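Protein chains: 2
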Amino acid sequence: MSQSITLSIDAMGGDDAPNMVIDGIALARKALPNTRFIIFGRSGEVAPLLAQHAGLSDVCELRHTDDVVSADEKPGIALRSGRQSSMRLAINAVGDGEADGIVSAGNTGALMAMAKFVLKTLPGIDRPAIASLLPTLRGESVMLDLGANIQCDAENLVQFAVMGEVFARHVLHIEKPSIGILNVGTEVLKGNDSVKQAAAILSQTHLPIDFYGFVEGDGIGLGTVDVIVTDGFTGNIALKTVEGTAKLFAGGLKQELKGSVFGMIGALIAKPAIERFRTRFDPRRYNGAMFLGLGGICVKSHGGTDGLGFFHAIKVANELIVDKLNDGIKEDFARFNSEHHVLPDSTEAE
Amino acid sequence: MSQSITLSIDAMGGDDAPNMVIDGIALARKALPNTRFIIFGRSGEVAPLLAQHAGLSDVCELRHTDDVVSADEKPGIALRSGRQSSMRLAINAVGDGEADGIVSAGNTGALMAMAKFVLKTLPGIDRPAIASLLPTLRGESVMLDLGANIQCDAENLVQFAVMGEVFARHVLHIEKPSIGILNVGTEVLKGNDSVKQAAAILSQTHLPIDFYGFVEGDGIGLGTVDVIVTDGFTGNIALKTVEGTAKLFAGGLKQELKGSVFGMIGALIAKPAIERFRTRFDPRRYNGAMFLGLGGICVKSHGGTDGLGFFHAIKVANELIVDKLNDGIKEDFARFNSEHHVLPDSTEAE
Numbered sequence: 252m253s254q255s256i257t258l259s260i261d262a263m264g265g266d267d268a269p270n271m272v273i274d275g276i277a278l279a280r281k282a283l284p285n286t287r288f289i290i291f292g293r294s295g296e297v298a299p300l301l302a303q304h305a306g307l308s309d310v311c312e313l314r315h316t317d318d319v320v321s322a323d324e325k326p327g328i329a330l331r332s333g334r335q336s337s338m339r340l341a342i343n344a345v346g347d348g349e350a351d352g353i354v355s356a357g358n359t360g361a362l363m364a365m366a367k368f369v370l371k372t373l374p375g376i377d378r379p380a381i382a383s384l385l386p387t388l389r390g391e392s393v394m395l396d397l398g399a400n401i402q403c404d405a406e407n408l409v410q411f412a413v414m415g416e417v418f419a420r421h422v423l424h425i426e427k428p429s430i431g432i433l434n435v436g437t438e439v440l441k442g443n444d445s446v447k448q449a450a451a452i453l454s455q456t457h458l459p460i461d462f463y464g465f466v467e468g469d470g471i472g473l474g475t476v477d478v479i480v481t482d483g484f485t486g487n488i489a490l491k492t493v494e495g496t497a498k499l500f501a502g503g504l505k506q507e508l509k510g511s512v513f514g515m516i517g518a519l520i521a522k523p524a525i526e527r528f529r530t531r532f533d534p535r536r537y538n539g540a541m542f543l544g545l546g547g548i549c550v551k552s553h554g555g556t557d558g559l560g561f562f563h564a565i566k567v568a569n570e571l572i573v574d575k576l577n578d579g580i581k582e583d584f585a586r587f588n589s590e591h592h593v594l595p596d597s598t599e600a601e
Numbered sequence: 252m253s254q255s256i257t258l259s260i261d262a263m264g265g266d267d268a269p270n271m272v273i274d275g276i277a278l279a280r281k282a283l284p285n286t287r288f289i290i291f292g293r294s295g296e297v298a299p300l301l302a303q304h305a306g307l308s309d310v311c312e313l314r315h316t317d318d319v320v321s322a323d324e325k326p327g328i329a330l331r332s333g334r335q336s337s338m339r340l341a342i343n344a345v346g347d348g349e350a351d352g353i354v355s356a357g358n359t360g361a362l363m364a365m366a367k368f369v370l371k372t373l374p375g376i377d378r379p380a381i382a383s384l385l386p387t388l389r390g391e392s393v394m395l396d397l398g399a400n401i402q403c404d405a406e407n408l409v410q411f412a413v414m415g416e417v418f419a420r421h422v423l424h425i426e427k428p429s430i431g432i433l434n435v436g437t438e439v440l441k442g443n444d445s446v447k448q449a450a451a452i453l454s455q456t457h458l459p460i461d462f463y464g465f466v467e468g469d470g471i472g473l474g475t476v477d478v479i480v481t482d483g484f485t486g487n488i489a490l491k492t493v494e495g496t497a498k499l500f501a502g503g504l505k506q507e508l509k510g511s512v513f514g515m516i517g518a519l520i521a522k523p524a525i526e527r528f529r530t531r532f533d534p535r536r537y538n539g540a541m542f543l544g545l546g547g548i549c550v551k552s553h554g555g556t557d558g559l560g561f562f563h564a565i566k567v568a569n570e571l572i573v574d575k576l577n578d579g580i581k582e583d584f585a586r587f588n589s590e591h592h593v594l595p596d597s598t599e600a601e
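Chains as they are written, first to last, in the working numbering: chain A, 252 to 601; chain B, 252 to 601.
Just chain A, same shape as in the assembly (with noise of 0.2 Å):
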């Protein structure tokens, strides 16, 4: 518990930043004392909030850049022209032994095209993956990819399927987690040739993973599986489709309740069951995707966060590392891919 970590921190990416990038860091300066920051921005902007928190400064280092990505900035030509970036300076510290792990809540496509110029992806990973935690009514899961790869086939799927029991085991403590495929059927012939194939070939492994089948939509919120694996078109939509249903039924609600007296006072008696309910479900305490095969832990935070929500992806990168999950997937695809083989081109059809 007392091993020393630091984090590199891009200050200027995201809405709020680095507003709520420096209250985060506060917030984890109290949660996490095993924790220092560099911390990479704009030092006219940043020194004046850091002073602002006693005490804070003892943990944190200040290194000025001028630059920074914008969200709307082209991955690519993030990575040609932003060499001076906060983005890509706080990256940088990983990629020199300096931080443990990075934390940023910039321009996803940036900060995955970076990490992975500067930190390469392990050993046996062809694409890195975007994960994240995701509340089911069972506890919580883990879903990826969640963006960074638009079209996936049956090999990405595997890989992520194996990265992503690595992190349930390693980050979520679980001792053999179920592992799922998204898809539109639970039948073995539903679905796409990539699902299907990359389903035959875990079905087979002799790694032991304990793989479920093929889940639907509605199997990420039941918590079906511990690990949900799907390409990141599919994945990307579902999480937002999520955070989209999520936003209607608490707008629902709330419009009913205040549409009567009644639906008032009893909100108001029931407001500490609602609070709670508020809070187990607030999106913040979800924030902090991981970026999955890269050699370097890299946590995204949500662009449009506050500080409780920076802190929790600040948390997550935190977790990454005093659980040794690179160290995992590293072992782990070592002994899967002296095993494995991909299976010949199926063409069979529903």
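By construction, these hints were calculated from the structure, which means they are not laboratory data.
Since the structure is predicted, the reported quantities are computational estimates derived from the model, not experimental observations.
One thing to keep in mind: the hints can contain errors.
One copy or two, either will do: identical chains are not told apart, so a pair holds if it fits within one copy or between any two.
[Claimed, not checked] Taking lysine-lysine and the BS3-like style, the derived pairs with C-alpha atoms no more than 27 Å apart in a straight line are:
#, residue 1, residue 2
1, Lys441, Lys325
2, Lys427, Lys498
3, Lys575, Lys427
4, Lys522, Lys509
5, Lys581, Lys427
6, Lys522, Lys498
7, Lys371, Lys441
8, Lys498, Lys441
9, Lys441, Lys581
10, Lys281, Lys325
11, Lys498, Lys509
12, Lys505, Lys371
13, Lys505, Lys522
14, Lys325, Lys371
15, Lys371, Lys575
16, Lys575, Lys325
The hints should help you fit chain B onto chain A, whose structure is shown.
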């Protein structure tokens, strides 16, 4: 309003068939006095149920068949060997002009395969799509495809957009419905080739279509557009993700309210408001997926629904007929196909 409508009903599809089917027809008899029913199924099971509702047999004609398409039958096999099934005979009644539309809660794949075979697609439409209404913060939107087409090219998506637009005008009575394509981001360069090309075509068409552009997953619940266009893989997963998230939130709220005395008292006082909330988002109210693009009206009820849900599916079929949806689709496709050209492949990556 006095237009007389005949619906053919597959009495044997669905978990609780034929019970819930006849319950649904009994509800429809009161709400839709202009409608009569030709019911296909096992008369030994169906006739006693009809007899339980006074006067119901006045608007129903029961036609006996023993054969039933099972829930896990593959579509191709059902098509070949299910020629005397209640599902197929009910579709034939539409094909023969005896009925104006068909409703079934049976096997979706088999229903689509049979309906396509018997009713054919409308001129200009390559593939029919499954569409459904969804509740949003603004009211209701229609989303398609929800699973008929696992892989879709740009041309398919464009056809879905035009069909969805006609639906929103004719059935939702929105004068100029907005149309969005579901994607992983709102910028023009995001997503796979199909969505990028479809967006390019819809941006340039001379049809008087209000093309909004891309919407992300959270746009579904927010009601960003009236018509959400997507491929059947993504659409099916998004739809079921909405359902699962709804269950997660309803379950979580219930747990917290029941977990404390104040929670229970508050919920009791606010009960009418909570009931209005439940009614507003009751999945049975959104039951009835429409098969758009076929040469006849075909509505698929959820297999797990009850009489109220099946009634809503009947109501959907009734509305599609009254509002002359297929005439609208035919007109628009005649105009559309005379003016639009598919763009060349775009290889531009994000």
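We went through each hint and held it up to the structure:
{"no.": "1", "hint": "Lys441 / Lys325", "verdict": "between (36 Å within a copy, 10 Å between copies)"}
{"no.": "2", "hint": "Lys427 / Lys498", "verdict": "between (33 Å within a copy, 26 Å between copies)"}
{"no.": "3", "hint": "Lys575 / Lys427", "verdict": "within (17 Å within a copy, 55 Å between copies)"}
{"no.": "4", "hint": "Lys522 / Lys509", "verdict": "both (13 Å within a copy, 13 Å between copies)"}
{"no.": "5", "hint": "Lys581 / Lys427", "verdict": "within (18 Å within a copy, 55 Å between copies)"}
{"no.": "6", "hint": "Lys522 / Lys498", "verdict": "both (19 Å within a copy, 21 Å between copies)"}
{"no.": "7", "hint": "Lys371 / Lys441", "verdict": "between (35 Å within a copy, 24 Å between copies)"}
{"no.": "8", "hint": "Lys498 / Lys441", "verdict": "between (31 Å within a copy, 24 Å between copies)"}
{"no.": "9", "hint": "Lys441 / Lys581", "verdict": "neither (32 Å within a copy, 32 Å between copies)"}
{"no.": "10", "hint": "Lys281 / Lys325", "verdict": "neither (36 Å within a copy, 59 Å between copies)"}
{"no.": "11", "hint": "Lys498 / Lys509", "verdict": "both (16 Å within a copy, 22 Å between copies)"}
{"no.": "12", "hint": "Lys505 / Lys371", "verdict": "neither (47 Å within a copy, 46 Å between copies)"}
{"no.": "13", "hint": "Lys505 / Lys522", "verdict": "both (12 Å within a copy, 13 Å between copies)"}
{"no.": "14", "hint": "Lys325 / Lys371", "verdict": "within (20 Å within a copy, 45 Å between copies)"}
{"no.": "15", "hint": "Lys371 / Lys575", "verdict": "within (18 Å within a copy, 58 Å between copies)"}
{"no.": "16", "hint": "Lys575 / Lys325", "verdict": "neither (32 Å within a copy, 46 Å between copies)"}
Figure legend: structure checked against the earlier numbered hints; hints not met, in rising order: 9, 10, 12 and 16.
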